[in-house]
Amino acid sequence: MQIVTGNRLRDGAVIYFAGAGDWTPAIDKALVAEDGHADALLAEAQVGAPPLPVVGPVLIEVRREGDHVRPVTLRERIRASGPTTGPMTGHTALDANPAASGVDDYSI
Amino acid sequence: MYRYDEFDHRFVDERVAQYRDQVRRRLAGQLSEDEFRPLRLMNGLYLQLHAYMLRIAIPYGMLSSKQLRKLAHITRHYDRGYGHFTTRQNLQLHWIKLEDTPDILAELASVEMHAIQTSGNSFRNTTTDAFAGAAADEIEDPRPYAEIVRQWATLHPEFSFLPRKFKIAISASAEDRAAVKMHDLGLYLRKNEKGEIGFEVLVGGGLGRTPLLAQTIKPFVARRDLFSYLEAVLRVYNRYGRRDNLYKSRIKILVQSLGAAKFAEEVEAEWQATDREAVALPDNYVAEIASAFEAPRFDATPVDERALERTITANPAFARWMKHNTAAHKAPGYAIVTISLKPVGQTPGDCSAEQMELVAGLADELSFGEIRVAYEQNLVLPHVRRDQLFALWQKLDAAGLGSSNIGLVSDIICCPGMDYCSLATARSIPVAQRLAQHLSEREDAIGRFNIKISGCINACGHHHLGHIGLLGVDKNGEEVYQITLGGDAGDNAAIGQIAGPAVKSDEVTGAIDKLIAVYEKLRQGEERFPDTYRRVGQAPFKEALYAAR
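Chains A and B supply the protein sequences, listed in that same order.
2 is the number of the first residue of the first sequence in the numbering used here; add one for each residue after it.
8 is the number of the first residue of the second sequence in the numbering used here; add one for each residue after it.
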C-alpha cells in the first residue's frame, strides 16, 4: 500500500495527501492507496490550479500498524518523525508525529 | 576584512530584489517548480528532507563579529536556533521557509553577506587556511588572493554555465591546512628564485564517486598572470568537459581522461594564445585588496609566560585545551585558537544562536572582532593574546564550547546525512555521536586521528580523506558502512583504500575499535595512522576487521 508525500511549497514541511485536495503533516491522516490504485492517487494529488501546495509529490510504501500508518523505508520514517540526532535539532513532538515514525531506537 | 564598495552593495541589493520577485511569482503559481528550481539554487536554496535549506556563503571562511551576530539572529528568527558549519567554510540552515528567504537574503545583505553561487554549476566558495593572516608558517596572507579570485569568479560572463560545480582552494603556508589537493583547482602560493610571488597551480582534485587528487600542471605562475592562467584552465574545461553525463562532468574526469601532462599542454597552448596583458593582475589592485586584510595592531607588551605556565600547571583541563586547541601565531605573544564544535554527543559542526553570539562577543573582546570557519567544521579566533587564553577557555567551557579535541579522534568531520539531506543513503551524525562517545576517553592515548563520515557517495563528509573513513550506504533497506583506510588531507594527501565488505551499523564501533587497536600495536613512536598504514600495508587491519567473520 502507498501514500503520497511531498514538501509544502511555502515552508518545505513534510506533508501527506489526505484526499479531496487536502494535505496534512500528520501521516496517520494520509489517504492510503491499496495495490493497483496508487497511480490514480498520485494523479489526484496533483490536480488543482497552480500553485499546488506541494512540491515534488511522490508515492511511498507504507504499512498499517493498528491505527497508525508507518513508512516502510528509514528515509521516510525520518521524514515523518524528524532528525534522529538528539538535542539542538529543534525538533519537537508538536512539529511531527513521532508515534507514526516507527523509529523507536535511534541508536546505531 | 574586505568591505563592500558601492558596486557590491548595489549588486547584492538588486539580486535580493530580483529574487524577492521570483519567490512572489513562485508562491503565486506564476512559476513552476521546474522553472523556479534553478533560480533558487542560484541563491543557495535547496529543498531537503524536512524543509528548505539555505547555504550562506562565508567567503574564505572569514566572518566579522557583526556578521556572526547577524547569523545568530537569522538562525533564531527564521530557523530553529542553530546552524551547521560546513566542510566548505559556509553555514547551512536546515529549517528555512521559502516565504522567508527574501527577507533572510535582505538581512544578509545588510551585513555584506549573501548566498550566491553556493549551489549550481558555477564557481563555489573559494576556501583557504582558517589560520590565514595569523599562521607562523605563512609565506604571505592568502586572503587577498582568495578575495581576488572570489571577485573574478562571481558571475564571470564566460564561466557562468560550466559543465559542473567548480571549487577552488588556496594555501600559503608550509603546511597545507586548506586540503588544496582535493579541489577542482588548487593554488599554492610560492616565491620564485627572485623572491617574486606566484602560484603553483594544481587541477583535477575532487571526492565523491571518483575520488582523485589534484595534480600540478604549472609549478609557477607569476602573480600578474593569475587571471589569464585561470581563464586558460577554465576555457579548456568549458571546451572539453563532459555535459552528457552528470557523473563524468567534473574537471577531475577530464584531467584523468586526458592525462595531467596533456591537460597541461592544452592549458599552456590556450594561455599562450591569450592576450595576457588584457587580464593581467595589476600590483596596485593587489595592494588595494591586501589593504583590507592588514594585520591588526597587535599589543607588543610582553606576555608573562611564567604566569601562564603556572596557570597551565594548576589547571590540567586548561593545559589539555592549550595543547590541542591553540597554534603558534606569527605575532609574538599571540596564539591562534580553534573552538571545537564537536562536543561529545552533539552534531559535529552545529552551533546554536547563543553560542554564535558568545563567540562574536569573545572575538570583539579578544580577537579584534575576527572569526574564521575551518573546513573541519570548527571555528577559529585568529588573534588571541596568550595571557588571555585562560579567561577565554573558561568562558568557552561554560558555554559548552570548551572541548579540547582538535585533531583528535572525537574531532570528527561529518555531513548532515540522512537525518537532513535528500541525497543521503544513510545516517552519518548518529554514527559520529556514537563514536565520539565511545572513543573520547581514550583520545589522548590514541593521538592525532581523523575520522570522517559521509552519508552518501557525494562525500561531503570527506570520508575519502579520513585516516578512517566511513561511507554510509543502503543495502536492501539497511544502513551499512563502507570503511576506507589511510586517507589523508593536507601535504601528504591520500585517498583512503576500501578495507573490505561494508559493516552493519551496530558493528561500526567494534570495527573502529579493532582498527585502532592494530594501529596502537604497530605504530612506531609518534606515527600518525596514515603513516603506519603506509608502512605496514592494509593486511593487518583487514585481518583484524574480517578474520573472525
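Worth flagging that the hints you see were computed from the coordinates, not collected in a lab.
On a predicted model such as this, the values are computed, not experimentally measured, just so you know.
Note that beta-carbon positions come from the ideal geometry of N, C-alpha and C, so glycine has one too.
Some hints here could point you the wrong way.
Said to hold, decoys possible - Residues from chain A that face chain B, not an exhaustive set, calculated with beta carbons under 7 Å:
| # | residue |
| --- | --- |
| 1 | R11 |
| 2 | D12 |
| 3 | G13 |
| 4 | L43 |
| 5 | A44 |
| 6 | Q47 |
| 7 | P51 |
| 8 | H69 |
| 9 | R80 |
| 10 | T86 |
Said to hold, decoys possible - Cβ-Cβ distance ranges computed for the label pairs, FRET-style:
| # | chain 1 | residue 1 | chain 2 | residue 2 | range |
| --- | --- | --- | --- | --- | --- |
| 11 | A | A41 | B | G266 | 35 to 41 Å |
| 12 | B | Q401 | A | G67 | 48 to 54 Å |
| 13 | A | G37 | B | G36 | 47 to 53 Å |
| 14 | B | L265 | A | D12 | 42 to 48 Å |
| 15 | B | D110 | A | G67 | 28 to 34 Å |
| 16 | B | L430 | A | G37 | 27 to 33 Å |
| 17 | B | E21 | A | A41 | 42 to 48 Å |
| 18 | B | G36 | A | V73 | 41 to 47 Å |
| 19 | A | D29 | B | G36 | 48 to 54 Å |
| 20 | A | D29 | B | G266 | 56 to 62 Å |
For each hint, the structure was consulted:
1. R11: Holds: closest Cβ of chain B sits about 5 Å from R11 of chain A, inside 7 Å.
2. D12: 4 Å, holds
3. G13: 4 Å, holds
4. L43: Interface hint status for L43 of chain A: violated (16 Å vs cutoff 7 Å).
5. A44: 17 Å, violated
6. Q47: Since the shortest Cβ distance to chain B is 11 Å, the answer is violated.
7. P51: 3 Å, holds
8. H69: 19 Å, violated
9. R80: At about 5 Å, which falls below the 7 Å cut-off, the nearest Cβ of chain B leaves the hint on R80 of chain A intact, so it holds.
10. T86: 5 Å, holds
11. A:A41 - B:G266: 35 to 41 Å: 54 Å, violated
12. B:Q401 - A:G67: 48 to 54 Å: With a Cβ separation near 53 Å, Q401 of chain B and G67 of chain A satisfy 48 to 54 Å, so the hint holds.
13. A:G37 - B:G36: 47 to 53 Å: The hinted range 47 to 53 Å is violated for G37 of chain A and G36 of chain B, with Cβ atoms some 32 Å apart.
14. B:L265 - A:D12: 42 to 48 Å: Given a distance of about 46 Å, which is inside 42 to 48 Å, the answer is holds.
15. B:D110 - A:G67: 28 to 34 Å: Since the Cβ atoms of D110 of chain B and G67 of chain A sit about 43 Å apart, the hinted range of 28 to 34 Å is violated.
16. B:L430 - A:G37: 27 to 33 Å: 31 Å, holds
17. B:E21 - A:A41: 42 to 48 Å: 46 Å, holds
18. B:G36 - A:V73: 41 to 47 Å: Roughly 33 Å apart at Cβ, these two residues miss the hinted range, so it is violated.
19. A:D29 - B:G36: 48 to 54 Å: 29 Å, violated
20. A:D29 - B:G266: 56 to 62 Å: This hint holds: roughly 58 Å between Cβ atoms.
The earlier numbered hints that this structure contradicts are 4, 5, 6, 8, 11, 13, 15, 18 and 19.
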